[in-house]
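Protein chains in written order, with our numbering: chain A, 1 to 256; chain B, 257 to 324.
One or more hints might be untrue.
[As the list claims (entries may be wrong)] Keeping only pairs whose Cα atoms sit at most 30 Å apart, straight-line, the calculated DSS-like set for lysine-lysine is:
#	chain 1	residue 1	chain 2	residue 2
1	B	LYS297	B	LYS260
2	B	LYS287	B	LYS306
3	A	LYS243	A	LYS172
4	A	LYS65	A	LYS243
5	A	LYS24	A	LYS66
6	A	LYS4	A	LYS65
7	A	LYS65	A	LYS22
8	A	LYS107	A	LYS172
9	A	LYS125	B	LYS297
10	B	LYS260	B	LYS301
11	B	LYS271	B	LYS297
12	B	LYS271	B	LYS300
13	A	LYS66	B	LYS300
14	B	LYS271	B	LYS260
15	A	LYS13	A	LYS24
16	A	LYS243	A	LYS13
17	A	LYS125	B	LYS301
18	A	LYS65	A	LYS125
19	A	LYS22	B	LYS287
20	A	LYS65	B	LYS297
21	A	LYS66	A	LYS236
22	A	LYS125	B	LYS306
23	A	LYS66	A	LYS22
24	A	LYS66	B	LYS301
25	A	LYS65	A	LYS13
26	A	LYS125	B	LYS260
27	A	LYS65	B	LYS271
28	B	LYS306	A	LYS24
29	A	LYS24	A	LYS65
30	A	LYS125	B	LYS287
31	A	LYS65	B	LYS260
32	B	LYS306	B	LYS271
33	B	LYS260	B	LYS300
34	A	LYS66	B	LYS260
35	A	LYS172	A	LYS236
36	B	LYS300	A	LYS65
[Said to hold, decoys possible] Simulated coverage check for chain A against chain B, where a stretch passes if three residues somewhere in it have a Cβ under 8 Å from a Cβ of chain B:
#	region
37	22-35
38	38-48
39	52-60
40	64-75
Hints listed in this document are in silico derivations from the structure and should not be mistaken for laboratory results. Predicted model, so just to flag it, every value in this text is computed and none were measured. Don't be surprised by glycine CBs; every beta carbon is placed ideally from N, CA and C.
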Amino acid sequence: MEDKLIIGGIEFKSRLWVGTGKYKDFEETANALEASGTDVVTVAVRRVNIVDRNSPNLLDYVDPKKYKILPNTAGCYNVEDALRYARLAREAGISDLVKLEVIGDEKTLFPDVCGLLEATEILAKEGFIVLPYTSDDPITARRLVDAGAAAVMPLGAPIGSGLGLRNPYNIKIILETIDLPIIVDAGVGTASDATRAMELGCDAVLINTGIAGAEFPLMMAEAMKYGVLAGRYAYKAGRIPKKLYATASSPIEGML
Amino acid sequence: MAIKIILNGEAYSLKTAMTLEELLDNLNINKEGVAVEVNLKIIKKANYSKYTVNDGDSVEIVNFVGGG
Numbered sequence: 001m002e003d004k005l006i007i008g009g010i011e012f013k014s015r016l017w018v019g020t021g022k023y024k025d026f027e028e029t030a031n032a033l034e035a036s037g038t039d040v041v042t043v044a045v046r047r048v049n050i051v052d053r054n055s056p057n058l059l060d061y062v063d064p065k066k067y068k069i070l071p072n073t074a075g076c077y078n079v080e081d082a083l084r085y086a087r088l089a090r091e092a093g094i095s096d097l098v099k100l101e102v103i104g105d106e107k108t109l110f111p112d113v114c115g116l117l118e119a120t121e122i123l124a125k126e127g128f129i130v131l132p133y134t135s136d137d138p139i140t141a142r143r144l145v146d147a148g149a150a151a152v153m154p155l156g157a158p159i160g161s162g163l164g165l166r167n168p169y170n171i172k173i174i175l176e177t178i179d180l181p182i183i184v185d186a187g188v189g190t191a192s193d194a195t196r197a198m199e200l201g202c203d204a205v206l207i208n209t210g211i212a213g214a215e216f217p218l219m220m221a222e223a224m225k226y227g228v229l230a231g232r233y234a235y236k237a238g239r240i241p242k243k244l245y246a247t248a249s250s251p252i253e254g255m256l
Numbered sequence: 257m258a259i260k261i262i263l264n265g266e267a268y269s270l271k272t273a274m275t276l277e278e279l280l281d282n283l284n285i286n287k288e289g290v291a292v293e294v295n296l297k298i299i300k301k302a303n304y305s306k307y308t309v310n311d312g313d314s315v316e317i318v319n320f321v322g323g324g
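Work out the full structure, taking the sequences as your base and the hints as a guide.
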C-alpha cells in the first residue's frame, strides 16, 4: 500500500519517529532503532566532550545514510537560544530539518507558544524545514502554519509522562483544520497510545521515553512499530460507526 | 606567546596561534558532524582553515548527542 509521508520535500518511509535519548548506551540505541523500523531519529545538539576524546559518538552508531537526522532545540527556554541551536544543528548536519522546541517551564516542559511562533517564523524565512513541538491547541497550530511551519507536532501529554493522548479531541480538531502533516510528539507511553494517535489520522508519532524507558526497550520499539502500523491501517480502512445496540453478524435466513 | 581562549565554556590555552582547522586537528575532532561557533558567530566548515583563533575568543564546538 503506497502511503507516503512527505514534509518539506523529504520523503519519510516510517510513520514512527524515534528519539535517541535515555538509552543505556549507543548499542542499545542502535538496536532499538533497528527494531522500530524507523527511518527518522531526533538528536540534540550539545558541546563536544573535549576532555575525553575517546568517548563514543552517536553518529558512529546511528548512520545518517540510513536515518534522517532531525535535530531538536531541546533545553532552549527562549527564542534566541532556540535559533542558536537550530543554526548550529544545520551547520553540523546535512539538512534543513529542525524539531523546534521553545520550552516554557521546567516542570511541565510545555512549549512557550509565543516564543515558538516567533522562532518558527524566523527559521522558516532562513530556509529551515521547521517542525515545531507545540501544545495541543488548534489555534496555535494554525498560527504555526501561518508562521511557515512544514508540519505541526502537538504533544499528546508532557514529555516523558507516558500519559498518552490527554486531549484527543483537540488533536482531532487540529487534524481537521490544518492541511500540513501532524505528528504527535511526546506522551506516548505504550503501543495503544501510538495506535490511538494514528487512528485519529495523525501522520506520524515521535516516541523517545516510551521506548527508551521501557523495561525491554527493543521489544517496546517493535511494539510501537506495530502499534503505529495498526493505527494507520485502521484509519485508512475506515472504522465502522459506533452503535448502541447489536447488529447480528450471522444471517437470520436459514435458521431452524 | 600562549593564546588563552574559552573552549566549550572552560579556560583553554593554545601554545601557538592556530586556525580552527588546526585546533580541531589537535583536539582530534572530525569536522564532519560538528559545528563551530566563535564569539556567538557560526564559522562555516569551509572557513575553518581561514579563521585564526584570537586571544580571548570564546569557541564552542558542538555535535549531536542522543535526544528526543
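Check your understanding: For which of the previously enumerated hints does the structure constitute a violation, in increasing order of number?
Key -> Structure breaks hints 4, 16, 26, 27, 28, 31 and 34.
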